[in-house]
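Visitor: If you're matching them up, the sequences are chains E and H in order.
0 is the number of the first residue of the first sequence in numbering that gives the first Met the number 0; add one for each residue after it.
0 is the number of the first residue of the second sequence in numbering that gives the first Met the number 0; add one for each residue after it.
The set of hints was computed from the structure by calculation and includes no laboratory data.
Every residue gets a Cβ at the ideal spot worked out from N, C-alpha and C, and that includes glycine.
Wrong hints could be hidden among the right ones.
Said to hold, decoys possible - Partial pick of chain E residues on the chain H-facing surface, computed with a CB cut under 7 Å:
| no. | residue |
| --- | --- |
| 1 | Cys29 |
| 2 | Arg131 |
| 3 | Gln133 |
What the hints assert, rightly or not - Label pairs and their calculated CB-CB ranges:
| no. | chain 1 | residue 1 | chain 2 | residue 2 | range |
| --- | --- | --- | --- | --- | --- |
| 4 | E | Gly165 | H | Ser108 | 16 to 24 Å |
| 5 | H | Gly74 | E | Pro74 | 36 to 44 Å |
| 6 | H | Glu164 | E | Arg164 | 29 to 37 Å |
| 7 | H | Asp53 | E | Gly84 | 52 to 60 Å |
| 8 | H | Lys203 | E | Arg157 | 48 to 56 Å |
| 9 | H | Ala181 | E | Arg6 | 51 to 59 Å |
What the hints assert, rightly or not - Some chain H residues judged to face chain E by a derived CB distance under 10 Å, without partners named:
| no. | residue |
| --- | --- |
| 10 | Gly60 |
| 11 | Phe187 |
| 12 | Val204 |
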Amino acid sequence: MPDRVVRVRISEFQVAAAPAALKVFGLGSCVAVAIWDPVLKLGGLAHILLPGPAPDDDRAASGWNENKYADHALPQLLRAMVLRGGNPERMVAKIAGGANMFSTTEGLDDISAVKHGIGERNVEAVKETLARLQIPLVAEDTGGTRGRTVTFETATGRFSVSNARGGAQCI
Amino acid sequence: MSEFGKLNLSEIHLDALREICNIGMGHAATALCQMIGRPILLSIPETSLVALCDVPDLMGGTEKVVVGIYLKIWGDIQGNMLLVFPRDSACALLSMLTGGPPEEELVLSEMHSSALREIGNILASSYLSALERLLGRTLIPSVPGLAFDMAGAIVDYILIQLGEEVDQTLVIKAAFSGDGGALHGNFFLLPDPRSLRIILQAAKVMADEMD
C-alpha cells in the first residue's frame, strides 16, 4: 500500500518513488500523464491543461507557468525523473482524461471560445510529445464525456481510473 | 492588470465588485424565488484572486459530484458563468419545479437536464441584465451547457479557456439557499482577463460614486 499520496494539481507535475502514489482528482478535458521507471520504481505524474505550444516570448521570465502545456511539462517531468536516477530507455507512459464535459450541449461548442474538442487536442499533443521523447504509451483511458480521478502507484505502475458513476478500472 | 498573468486588485475594487455582484445575485434570487414559490437566502459574494490550479478547490471539493450549468458571456464584457448545485439540491429543485420526486437514478433524464438548463438560463439572464444596467455595458449569455459530474472535471473546461492568457483568475462566488437548506447552490463568475479591466473601471466609477 502507498505510504503517502501526492496530489498533482492543474499545471503541475510531481515525481515520487515507491511506495508513494500520485493522484489527480476530478479530471475533465485536462490530461493526466504518468511516466514510470519500473526498475527504480520511480513515477512522475503531470496534469496537463493545454496542448501548447508554450508561447515563444518572455512570459516565462515573468513567472508564467509553462507546465500547463503538454509540450513543455512532459520534457520537464522527464528531466526531473532523470535527475532522480531514472533511465528514459526503461520508461513507459499511461494517460487518462481529455473528456468532453459539455458534449450534449447543442450550440455551445460552435460558439465557445475554445474550439470543439479541446480534450482530443490535449490527448493528441500529449501523444505527440511522448513520441518525440521516445517514451512508449502502453495504456490509455481517454475521451468520452465523464470526469475521472486517477491514482498512479509508483511501486507497481498501477494506474487506476475512477469516475463519478462509481466505475473504476485499472490500466 | 499587468501584461501577462498577474492581476493587481485593490480592496476598493473588490468591494465594488462584491456590491455589483450582490445586486446581480439579488435579481437572480428573485427569479428563482418566483419559479419555485419559496424564499431564497443569499450570502455576501466572495471575491478571490487565485491561481488557476486553486480554482477547483473553491468549488467545494474536486471530486464532489455536482450539477454544473455553464454559460459563456459575450458582449462588451466576456467571461464565464457556472451555476453549481450539489446532487441533492438539484433533485430538490427538480421536484419543486415538476411537482414530483425526481428519480433516484444518478443519470439525469433529458427532461430534467433541460429543466435545469432553463433554470440556469433564467438565473444567468437576470443576473447579467442587472449587471448590464449597473455597468452600462452589454452582456449576452450563451446557450447553457450542463454537466453532472465531479466539480473539478466540470470547472477545468473554464480553466482551459482562461489558461491560454492567464495563470490567475478572479473568482466571484455567491452562495444561495432556500427551503430550510434543502436547496443550496453557488454562482461563480470568472471574467475573461481582457474584460476584467472594463469591469474594474466601471466598478471604480461606482466606488467613487458611493464615497
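Visitor: Decide, hint by hint, whether the structure agrees.
Guide: Status of each hint after checking the structure:
The beta carbon of E:Cys29 comes within 5 Å of a beta carbon in chain H, closer than 7 Å, and the hint placing it at the interface holds. Interface hint status for E:Arg131: violated, as the beta-carbon distance to the closest one in chain H is roughly 22 Å, over 7 Å. Of the supplied interface hints, the one on E:Gln133 is violated, with its beta-carbon coming no nearer than about 28 Å to a beta-carbon of chain H, more than 7 Å. For E:Gly165 and H:Ser108, the hinted distance range of 16 to 24 Å is satisfied, since their beta carbons lie about 19 Å from each other.
Take H:Gly74 and E:Pro74: their Cβ atoms lie about 40 Å apart, and the range 36 to 44 Å holds. A C-beta distance of roughly 34 Å is found between H:Glu164 and E:Arg164, which places it inside the suggested range of 29 to 37 Å. A hinted range of 52 to 60 Å is violated for the C-beta pair H:Asp53 and E:Gly84, which are about 32 Å apart. Look at H:Lys203 against E:Arg157: about 54 Å separates their beta carbons, and that is inside 48 to 56 Å.
Checked against the hint of 51 to 59 Å, the C-beta distance between H:Ala181 and E:Arg6 comes to roughly 32 Å, which is inconsistent with it. Given hint, H:Gly60 at the interface with chain E, holds; its Cβ is 8 Å from that chain's nearest Cβ, closer than 10 Å. Hint status for H:Phe187: violated, given a least beta-carbon distance of 15 Å to chain E, over 10 Å. Look at H:Val204: its Cβ only gets to about 27 Å from chain E, farther than 10 Å, so that hint breaks.
Checked against the numbered hints above, the structure breaks hints 2, 3, 7, 9, 11 and 12 and satisfies the rest.
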